[in-house]
Amino acid sequence: MAEVKIIGLEKRYGAFHAVRGIDLHIPDGEFTVLVGPSGCGKSTLLRTIAGLEDASAGTIEIGGEVVNDFRPRDRDVAMVFQDYALYPHMKVADNIGFGLKARKMPKAEIEKRVGEAAKMLDITQLLNRLPRQLSGGQRQRVAIGRAIVRNPRVFLFDEPLSNLDAQLRDEMRSEIKRLHQSLATTMIYVTHDQIEAMTLADRIVLMRDGLIEQQGAPLDLFERPANTFVAGFLGSPKISFLSGRLVRQGGADGVAVGDSVLPLPPQRLASSASDGQPIVLGLRPEHLSRATGPTPPPGSARYEAVVDLIQPTGSRSYASFQIAGAPVVAELQAHDVSRPGERIAVDVNMKRASIFDAGTQRAI
Amino acid sequence: MAVRAARRPRRRSIPVARILLLGFFLIFVLFPLYWILNTSIKPSDDYLAVPPVWWPEHPTLVHYEAALFAYRGLDGLVNSIIVSVSATILSALLGTLMAYSLARYNTGGRHLSFWVLSQRFLPPIGIVLPVFLIYRSVGIYDTRFGLIIAYTVFTLPVSVWMMFAYFRQMPKSMEEAALVDGCTRWQAFWRVAVPLAAPGIVAAAVFAFIACWTEFFFALLLTSRTAFTLPTVFRAFIGFQGAQYGEAAALAIVSLVPSIALGVLAQKHLVRGLTLGAVRG
Numbered sequence: 013m014a015e016v017k018i019i020g021l022e023k024r025y026g027a028f029h030a031v032r033g034i035d036l037h038i039p040d041g042e043f044t045v046l047v048g049p050s051g052c053g054k055s056t057l058l059r060t061i062a063g064l065e066d067a068s069a070g071t072i073e074i075g076g077e078v079v080n081d082f083r084p085r086d087r088d089v090a091m092v093f094q095d096y097a098l099y100p101h102m103k104v105a106d107n108i109g110f111g112l113k114a115r116k117m118p119k120a121e122i123e124k125r126v127g128e129a130a131k132m133l134d135i136t137q138l139l140n141r142l143p144r145q146l147s148g149g150q151r152q153r154v155a156i157g158r159a160i161v162r163n164p165r166v167f168l169f170d171e172p173l174s175n176l177d178a179q180l181r182d183e184m185r186s187e188i189k190r191l192h193q194s195l196a197t198t199m200i201y202v203t204h205d206q207i208e209a210m211t212l213a214d215r216i217v218l219m220r221d222g223l224i225e226q227q228g229a230p231l232d233l234f235e236r237p238a239n240t241f242v243a244g245f246l247g248s249p250k251i252s253f254l255s256g257r258l259v260r261q262g263g264a265d266g267v268a269v270g271d272s273v274l275p276l277p278p279q280r281l282a283s284s285a286s287d288g289q290p291i292v293l294g295l296r297p298e299h300l301s302r303a304t305g306p307t308p309p310p311g312s313a314r315y316e317a318v319v320d321l322i323q324p325t326g327s328r329s330y331a332s333f334q335i336a337g338a339p340v341v342a343e344l345q346a347h348d349v350s351r352p353g354e355r356i357a358v359d360v361n362m363k364r365a366s367i368f369d370a371g372t373q374r375a376i
Numbered sequence: 012m013a014v015r016a017a018r019r020p021r022r023r024s025i026p027v028a029r030i031l032l033l034g035f036f037l038i039f040v041l042f043p044l045y046w047i048l049n050t051s052i053k054p055s056d057d058y059l060a061v062p063p064v065w066w067p068e069h070p071t072l073v074h075y076e077a078a079l080f081a082y083r084g085l086d087g088l089v090n091s092i093i094v095s096v097s098a099t100i101l102s103a104l105l106g107t108l109m110a111y112s113l114a115r116y117n118t119g120g121r122h123l124s125f126w127v128l129s130q131r132f133l134p135p136i137g138i139v140l141p142v143f144l145i146y147r148s149v150g151i152y153d154t155r156f157g158l159i160i161a162y163t164v165f166t167l168p169v170s171v172w173m174m175f176a177y178f179r180q181m182p183k184s185m186e187e188a189a190l191v192d193g194c195t196r197w198q199a200f201w202r203v204a205v206p207l208a209a210p211g212i213v214a215a216a217v218f219a220f221i222a223c224w225t226e227f228f229f230a231l232l233l234t235s236r237t238a239f240t241l242p243t244v245f246r247a248f249i250g251f252q253g254a255q256y257g258e259a260a261a262l263a264i265v266s267l268v269p270s271i272a273l274g275v276l277a278q279k280h281l282v283r284g285l286t287l288g289a290v291r292g
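From first to last, the protein sequence lines are chains H and L. Counting from 1 along the first sequence, just add 12 to a position and that's the residue number in this note's numbering. Counting from 1 along the second sequence, just add 11 to a position and that's the residue number in this note's numbering.
Keep in mind the hints are simulated off the structure, nothing from the lab. Some hints could be false.
Unchecked claim - Label pairs and their in silico Cβ distance ranges:
(1) LYS131/H - TRP197/L: 25 to 35 Å
(2) LEU59/L - ARG144/H: 54 to 64 Å
(3) LEU231/H - HIS122/L: 50 to 60 Å
(4) VAL164/L - SER174/H: 39 to 49 Å
(5) ALA196/H - VAL164/L: 55 to 65 Å
(6) HIS122/L - SER68/H: 48 to 58 Å
(7) TRP197/L - GLU121/H: 17 to 27 Å
(8) ARG196/L - GLY76/H: 24 to 34 Å
(9) PHE42/L - SER174/H: 50 to 60 Å
(10) GLU121/H - HIS122/L: 41 to 51 Å
For every residue, glycine included, the Cβ atom is placed at its ideal position computed from N, Cα and C.
Throw the hints in and build the complete structure from the sequences for me.
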């Protein structure tokens, strides 16, 4: 149980600058997910926290102690690897108990702890097997068991689910979340999968090119992305971006996209925003809905479009169409739309839509 | 019935070709061995008899007795075993440590590992004179110790190179897991890396042993009446009296035994890869 504080952390491999100055404060017991495209430095950051890589600059504190010069074994962290990294020559029980044995814990105590961990993960019946006799999901459970048996201050997960098939991944994801709820230990979890990040995290840290783009609660990042990169990374189907201009005439603000002007709710724009400023409008599928009633609800704009593609998911259907030449996806009720080519009216919820400056790509 | 008839030509043609090929190969490999064994138990008059004697009427062990005792083959055998086993163990031990360092710490950059291998480019004859003189002045000429040192040095490059390749293809994450789990670097090496590299270590050791066991040139020049090895004993069988075919064959059979035993013992390790299927789902 410990908080983790990272101050000005940098990591270079020769000329390559993998982590370029990260400040991060992870409170005790929080589930933090580091997410970003491959090569963004998230795994390097995690490995530096574990002590498997040395920091080129900056400090890492665990539980109020600067651990930069600590060996991995002395940092009291446990790590779950993407390829499980089970010891192939040891039985499951020995795999789980290995860390305790290396720390010279009495045999009886090791057995007791291994038994408890195995019970918690429902792998008691596998304790006498070798890793190669296990399925992928079972191996991942063993790897997690090896971490929890040590009762470490911090858990580190390095893309632990990416080698599993989709169904198993969902299952293990909920299991990891449940584990965090019962253990309440600080967990730092690396993934490139935004759904994993959204579902697991107390806090998401979104990285790109060795820097943090934005951090915060999953819904905050989702609803109020700081820039187009964050907006585009989170959400499935992806957010649609439309180029346009701000319209500020008299008291009424709006966004001009193509020929039409979508009105903005009052006070949506800061006073510094100017008329005619080029912007990017970000519309998520759930910002659009099938129009009902004669006029759009307050804060919404009505738009007519011809649907060119429908992707039903059961409860919902994703309808694709174009607004001013740009592709847009709307999440509609399953029966709102029946066939491609249909002309429908959609309401765009401008209260939730994101607006970014076209030059800086930052939110307005 | 129809199905069976249709299948028959395919089923028959393949095994016939295969058996013929295998049979030919077996004769090619085993005939010389048979002939050596045959010669080693023939009375001297039968060596060059025409037509050849395919199996002696009165097999005899007299050549074995002469080769092992009169020609001191037994002493050579004991020396060979001591020298080869020691050099093999040293070579495997040092080679494993060195290869691990090269593979995991990139010791010496790109060039050190290649330099190690480049030691094999040197023709041995180029260094044999200085080595001989050094051995004489240091006082390890004609000692087992001296030969062990020489053989360790000669087999090390190949051991290192084999182990280097093996460690490089081994995923790092298991050792990293061990480090985070509570091991020191040494413990992670001995408890995780070495057991996983066992097939590679055994393979490298077998190669080193074979190289030591069959080495002739340095044994000839660095030993004389005390530390001589089995291969050097064979010299004595060609002399002014003519060739001692029976004794040579007998000693050849004796020298084959440890090699074959080693091959049988190590085969399991050579073939089996411990990490196979253990890493990925």
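request  = Determine whether the Cβ-Cβ distance between ALA196/H and VAL164/L falls within the hinted range of 55 to 65 Å.
outcome  = 59 Å, holds
request  = Determine whether the Cβ-Cβ distance between GLU121/H and HIS122/L falls within the hinted range of 41 to 51 Å.
outcome  = 49 Å, holds
ask   = How does the Cβ-Cβ distance of LEU59/L and ARG144/H compare with 54 to 64 Å: does it lie in that range?
value = 58 Å, holds
ask   = Using the C-beta atoms of LEU231/H and HIS122/L, is the stated range 50 to 60 Å upheld?
value = 54 Å, holds
inquiry  = Range first: 50 to 60 Å. Now tell me if the beta carbons of PHE42/L and SER174/H are that far apart.
reply    = The hinted range 50 to 60 Å holds for PHE42/L and SER174/H, with Cβ atoms some 57 Å apart.
message = Does the beta carbon distance between ARG196/L and GLY76/H stay inside 24 to 34 Å, or does it fall outside?
response = 27 Å, holds
task = Check the following: the C-beta atoms of HIS122/L and SER68/H are separated by a distance inside 48 to 58 Å.
result = This hint is violated: roughly 25 Å between Cβ atoms.
inquiry  = Within 17 to 27 Å: is that where the Cβ-Cβ distance between TRP197/L and GLU121/H falls?
reply    = Roughly 24 Å apart at Cβ, these two residues keep to the hinted range, so it holds.
task = Determine whether the Cβ-Cβ distance between VAL164/L and SER174/H falls within the hinted range of 39 to 49 Å.
result = 47 Å, holds
key: Outcome of range test on Cβ distance (LYS131/H, TRP197/L; 25 to 35 Å)   = Since LYS131/H and TRP197/L have Cβ atoms about 33 Å apart, the given range 25 to 35 Å holds.
The structure does not agree with numbered hint 6 stated previously, though it agrees with all others.
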